[in-house]
Amino acid sequence: MATKNNQQHITVLVVEDSKPLSSAIDKKLSLSNFSFLNARSAKEAFEQIKKNKNIDIIWLDHYLLGEENGLDFVMKLKKDKKTANIPVFVVSNTATPEKVGSYIELGVAKYYTKADHRLEDIINDMKEFLAGCKDKKK
Amino acid sequence: MFSNLKIIHKMIIGTILMVLIIVSVGYFGFNINNRIDTQSRIVEASRSMAINITEGQELLSRYLSADNLDKMGMIEKEMVSKSDIVNAWIKILTNNKITKSEAIPIEKDLEVFGVTNQENILSDPALEKIAKSIELSKNQLNDIYLDLIKVHEDKIKLLNDFDLLYQKEKEQRYIIKNTINESSDLELTRIIGDVLYFSKEALYQYRDQEHIDQWLLSINNLKNESELHGDEILINLINEYYLIANQMGGLVLEIEETEKNELIKKAAYDDGIGKLNIDKDKMNNIILSLSTQNIKNTNIFLFGIVFLAIIIGIIISAIITHSITEPIKKLVVTAKKIADGDLASRVDVRGNDEISQFAEIFNKMVVKLQKANKEIVIKLKNQAGELAQSQESLRNQQKALVNVLEDVEQERREASEERDRINTILKGIADGVIVIDRDMNIILFNKKAEELSGLSINEVLNKNYVNLLNFVYEDNLLLKNDFIEKAIKDGESLALTTQASLVRKDKAAIPINKSVSIIKNDEGQVVACVVVFRDVTKEREIDKAKTEFVSLASHQLRTPLSSISWYTEMLLAGDAGKINKEQKEYLTEVYAGSRRMVDLVNSLLNVSRIELGTFAIDPKPMEVKSVCDAIIKELIQDITKKNIKIIKNISKDTPTIIADPKLISIIFQNLLSNSVKYTLPGGNIKINIEKDNQDIAIEIADSGMGIPANQQGQIFSKMFRADNVRMTDTEGTGLGLYIVKAIVQNSGGSISFKSKEGKGTAFYIKLPIKGVEKRVGTKELSAG
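Residue numbers (our numbering), protein chains in the order written: chain A, 23 to 160; chain B, 83 to 866.
Possibly wrong hints are sitting among the right ones.
Stated by the list, open to error - One side of the interface only, derived from the structure: several residues of chain B facing chain A at Cβ under 8 Å:
hint: 1; residue: G331
hint: 2; residue: W648
hint: 3; residue: Y649
hint: 4; residue: T650
hint: 5; residue: E651
hint: 6; residue: D657
hint: 7; residue: V680
As the list claims (entries may be wrong) - Residues from chain B that keep clear of chain A, each with C-beta distances beyond 10 Å, as calculated:
hint: 8; residue: N221
hint: 9; residue: I231
hint: 10; residue: D363
hint: 11; residue: L508
hint: 12; residue: D564
hint: 13; residue: N828
FYI, nobody ran anything at the bench for these hints, they're computed from the structure.
For clarity, every value in this text was computed on a predicted model and none was experimentally measured.
From the three backbone atoms N, C-alpha and C, an ideal C-beta is built for every residue, glycine too.
Next up, chain B with everything else stripped away, as it sits in the complex (with noise of 0.2 Å):
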């Protein structure tokens, strides 16, 4: 029904609409407002009527401990009746400061929550109980009320009886009282003074039976003595006076007993009031909850009203939308249609608003890109043929490069096969492998290398390996693991096993032999280097027993040489008789050979000394020079027979050093009598001593045969003797050079040496002249 109108009059419709609904809305929130404004008035009146009624009570039970009664009728008054409640309340709300105007609305809500119509409130049943409840009481209370006043009314009047006969008894007991103190009869006088006495206290302080008797007990006892004594006008008053008396005893008894009842009318009265006013208070509590129970559903009516008001708003507004976006949405859908290349489709919009004028200029639009894409397709059609033609050419070339790739995949394979079967021979060598690359970090960790590191794979694997690997010196422990990179940097493998040992994950410390092995590349380039290693903790504990067992062997050997020679030397001294010049050529011999016999066995001790680490240092001031003078002494005999030349060259300044003169002398024994085995006849000895920083510098040379440059890598090995002196049948144990070796390392001092075959040999030592500190080992090492 819109669709004929502009969007922009759709708008103002929905917008008045709206407004309607707002004002709708806000009328019956007003209302509400009003209707819980008016509720807490309900409230607040009820209130002031349940104060205004204990109010009435309240005055009540004052009027009656007043003894007021004749006022007593306001409890007729006072008493809550069906039509009171309205009344009342109507009463309140005009009173309490509501002007007229204001009452009339009040007067209509009462109205409408029923409260006016009295039936109303009759007809709720708890109510209608309380309510004839109330007036049951109020008949009760009534009759009490009734009796009350009787017996209130019967009292007085006793009272006033009482107040009569007091006046005539306070008369005559005057005349009585003076007539005895004119005729001064002494008995009188007494007993007319216990008579006032006991009057007083009967009719004044205490109005009971007890003070009563006694009072007419004293009247009875002057009696009798003025009927002994007295005259007879005297009798005539007294016998007047004890009437009077009797007749006020009687009253006192009266006014007591209607006073006891008086009060149990006025407890029942008490009781009659107590249970009327909790009545009263169940009904106010009822007719509170009653208005209570009219507003909520009068509330409930109004949000209902709203309610509904705005379904309708929404409703409406949903028409005014729709009509909108219905539109909007064909034209969408035909739109996405001919995207989709439907060039047939058409929007079906009628109407006079923006978006049917739009969709009209849409439609035509279609039309000329229909004509458009006509032209398009034909020329596509052209195109297609080529592009077939270059599809064909691109396939065979893909079919080339498929060939290709399977080539190359088959040689990844085998790359692949030949990678785990070198990764298989490396498990299962039983040499530790590790492979280190140009930068230092580890690429290959073989199973063995694990096992003997106690290091994981994981753990070591492209990390750099010197915080890894610990290869430390065999006998101090110190860390030794630059090798490898000394190696890499320079290139050059360490073909020789050497000797160290390898600290463990677990700290504990193995002995290993390893080497060193260098990867190059085409171009020469240093691209990794393989360490390969191996546990020779077993190989180290037979050397360790071969060692004992070659010092004990030792020792035992001595004992039987030490008869040789001696013996020998004696039959050379011709203690046994003379002997000619064949026989004592051949002692000589025999004499030679045990001494050799013997230097061999000490340089045996000596080398297992050295090996087992038990050898001592003991080191005191000492000359080198004097050392090296006693070795010449030693050995003169050769150097005379051979005309060797010693050429001596002791600086002055030589100092004094500190050092066990027993392990110098061995030094000096092993390298002078080398030089002097190794000198052809005239050459010369040359020994230079100086001082040289911190140290003494030894250097003794020779004119000798020298060492085989290819050797000279070996000459400080244990029973290493070059070739050319083995040629020459030169004797020697090949164990000197070694054991100077050791000696000079454990004083602290450095060994080097200068040689060339034929030409003659330079051992350069130097000594540190502090020395080094004292060692106690269990064995010395004995002199060549």
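This is chain A alone, in the form it adopts within the complex (with noise of 0.2 Å):
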């Protein structure tokens, strides 16, 4: 609750394509104060991030619908200087060492497996790297 009255309105664009994750991401976003947006494929989160200036992080999955996934999303979203400053959290049940280590290089800010980690602490981290990021700023 103290965090809640110190810190402006967060965005958070989820890039996820199982419906129930997504939408229980969703709701305990909301329940922190976050706003969310919601995009299930590569395509529809660049057409997000498109209409949306807002977006202040990234909540991403690697098995995405479509033909990309989030490591090729990553990858496109930090070629454009408009969007490569956007911090990504991926958040992800296939933890083999050379995905993360790709993610780690092209430059996300953190790699979670879902099954082992609870949405709240996640969130927490998320909140607490953002306003780490805002004392950077200051």
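Bring the two chains, given one by one in their own frames, into a single complex with the hints.
Below, the structure written as structure tokens:
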């Protein structure tokens, strides 16, 4: 509750193909006073980014609908100067070292194995991360 | 005829005969030598004679060429006639530094060879023919010679005539020349010059028709000119000169003719001489071969005499030898008969020599022997009866022995059948069976063992197994075949089937399961070791497929588990509205269940990665202490709940180690969560961390329920859970310690434990401070 007053409204783009999981995430985000946008494929995600200029952070799964996966999405995202600075939290169950390595190399903020982490913990990490960013900006 | 002589006399006679033979052979040898000597002299003489004849001919031709025809009588003298050959021979022999006394035997030899006998030589048809030919040639040659002499005489007469006229001509020419010179007639002076010039050419230089004609023409000119100018005296002088000149011209032509004739006759004579020489050579050769033949014949005759003498010698010595050896032979035959038992035999040798005396003594000795023999026979007869009795008893003993042997044979046959049966079974067994004796030699190697190892029984039987059987670790293929030696030395069987690979003869490694059993004798000593092994290639493939399946399935399970976890989490947090106490209790169970499910899935994933060999190791400098603290923090809820006391004792010199933090935290997570799980409320957990040489030593000891002694050997096996923990319904997958051991071993460390049921368990881990090399795998291990 203490954080609620101190922070600005945060918008999260949730890129997750599994509907049950994305609705759980949405629910938890709104309960934590976050705004959220949804996308189930890389294509939808870019459309959302185009439409909404106020996205603060991206919640990303690896396996997505469509031909492109999370890794392809991050690659494109980091290429474009306008979007390169949006932090990305990868939350996925496919935790092979190569994949984690590739994501970290591309510059994602964090990597979580879905099954091993509570929603609340991930969202708290996000809050802390964004607060940290703000401090740096100041 | 020698039988009455003593041996010594026989010897003397033999020796005398031999000496006589040697002397006669020597004499003949000497004679032959003489003959050979004579032969070479004759050959030499023939050669000398040939030279002599040749010399005569040379002389002859010299006479001819010197135009010394008066001495042509030499031809007759040197000519070879029938008698000349032998006469010349003897003459040569006597003249060629041979003394009279030496010449006599040679003459005799010549006689022997028939050389002096002219008839003998002339009776040879070839020789006769040549002799005739020579006679003929000689007559012809004489005719030619007479002609030659006549022509020569004619020539000389003509030359004499010419010389006389030449004197006249010179005088006349001189007078004419002086007369003309006095008259001082120029024309005549010129012509007389021509005459003088041409006369020189015609009479000295050329003496031929052409120059004579020229000369006569010039004289004619002089004559004509003198008739015109000269006085009568000059005319007469010139006419006279002209007549002389004509006469001389005729003589020159005649001499020319005679010389030609003489040359022809001379050539004919040379021809005759040549022919005569050839015939003489032939004759010489025939004489030589005849005399050589004679010598050969004589030699054969001499050799015949020597041969005869030797034969006679051999016959005489054979007779003497026979007269010595015959009595000895008789003696031997009789002695042999006596030895064979014929004591009635006697030697029949008569005479005066030593052998005959010996035979007499021998006969006396035999008489005595016969007498003694009779006495012995009587004694032997008495003993034979006793012997027959003892033989009977021996026969009985033999029968008994045969019965025993038959029984043994029966036993042996049964044992052999039993062995065949066992061999058939061993052959039929689907597993490789090898038996190794106490000396590490292979004493049995069944069909399947041959098939699996690629070695034939002949290659291995009775040989030390160490260099033949390449059992290796399955993962790194390092040799590991000392387990057999160890089993034999310790006398303990390895009842559990253990995994390994066998490197075949063709270097291919096949995965196998093996077991080792020890065979002991009644005294408890190890006699052999039986190794049974089986190809588990198929089982391994199935294992691999299984592991891959688990890995894939685990991934897919995580997504729905995430759903369950997150929704339950929200329900419990009251995100969907307030829930009552009972609802909360139920949801807590659901949440715990889903967490266990996630843990199980993670553990299964780790196990499959360990077994596939695909997990990664990423070593980096790290603090063991902080990993330990983090895990304690994770478990703090349960620790507090069960009121467990954590006693940490971390030494100050604990170094930073090189290891994969994720793997180290899996170790701590598993060991500490086990301790918390199996320790009763109020118990304690001791954690010791310290440096130990090149390693870091970690001890985690609890006061929990401990592991039953009979199951302590299995705690690191996959899915194993001890009976006592299963009884208490405590949760657990049976995978934790299996994973921990795999991580410790792959990190280059070691793990051991001590445990007592009801008292607690302590795990001891050692990890190298320097760590192990980075290993890239496809999968990381997930924390429990």
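Going down the list of hints, with the structure as the test:
1. G331: violated (150 Å)
2. W648: Holds - the Cβ of W648 of chain B comes within 8 Å of chain A, reaching about 5 Å at its closest.
3. Y649: holds (6 Å)
4. T650: violated (10 Å)
5. E651: Hint on E651 of chain B: holds, closest Cβ of chain A at ~5 Å, below 8 Å.
6. D657: Result: holds, 5 Å to nearest chain A Cβ.
7. V680: Given a least distance of 5 Å, the restraint on V680 of chain B holds.
8. N221: Answer for N221 of chain B: holds, closest chain A Cβ roughly 141 Å.
9. I231: holds (145 Å)
10. D363: holds (122 Å)
11. L508: Given that every Cβ of chain A is farther than 10 Å from that of L508 of chain B, nearest at about 50 Å, it holds.
12. D564: holds (38 Å)
13. N828: Given a closest Cβ separation of 15 Å, the condition holds.
Against the hints set out earlier in the document, violations occur for numbers 1, 4.
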